[in-house]
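For the record, in the sequence shown the residue sitting at position 7 is 122 according to my numbering, with numbers rising by one throughout.
Calculated from the structure, these hints are not laboratory results.
Some clues are possibly wrong.
Pairwise CB distance ranges, derived in the manner of DEER restraints [said to hold, decoys possible]: (1) R145 to L168: 24 to 30 Å; (2) L189 to E151: 40 to 46 Å; (3) I119 to K208: 34 to 40 Å.
All C-beta atoms, glycine included, are put in the ideal place defined by N, C-alpha and C.
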Amino acid sequence: MLTIIFTLPLFGVLIWSYFYPEESMLWGQRWMYKQEPEFSDIAIAFTQFGSGLMFCLLTLIFGASLFDHFLIRLLLCIGLIVYIIYGIRKLDKIMMK
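Given the sequences, and given the hints that come with them, work out the whole structure.
See below:
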């Protein structure tokens with residue numbers, strides 16, 4: 116119970132980083148720039164992929180510890196693998212532009 120309470124802010128930061136990647140890349144470093152910097156598409160996509168991957172990993176860890184059923188753990192692992200493959204293909208497509 117205590118672990119869930121402490122990781123809820125982490126889930127919030129990961130969701131915020133996924134939906135607002137430019138803001139999350141500037142978090143704590145905005146003072147260094149006079150004007151708003153422009154980030155490349157690959158940097159934005161990589162930030163989204165990284166935050167989504169961490170969100171999936173944390174969900175997998177909590178789901179596996181919460182549910183003691185083989186099928187649920189298998190589905191969580193398959194979902195993680197599918198997300199990784201999808202994210203790598205998306206990053207590859209952006210890099211090939």
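The hints, checked one at a time:
1. R145 to L168: 24 to 30 Å: 25 Å, holds
2. L189 to E151: 40 to 46 Å: 45 Å, holds
3. I119 to K208: 34 to 40 Å: Holds, at about 36 Å.
The structure meets every hint from the earlier list without exception.
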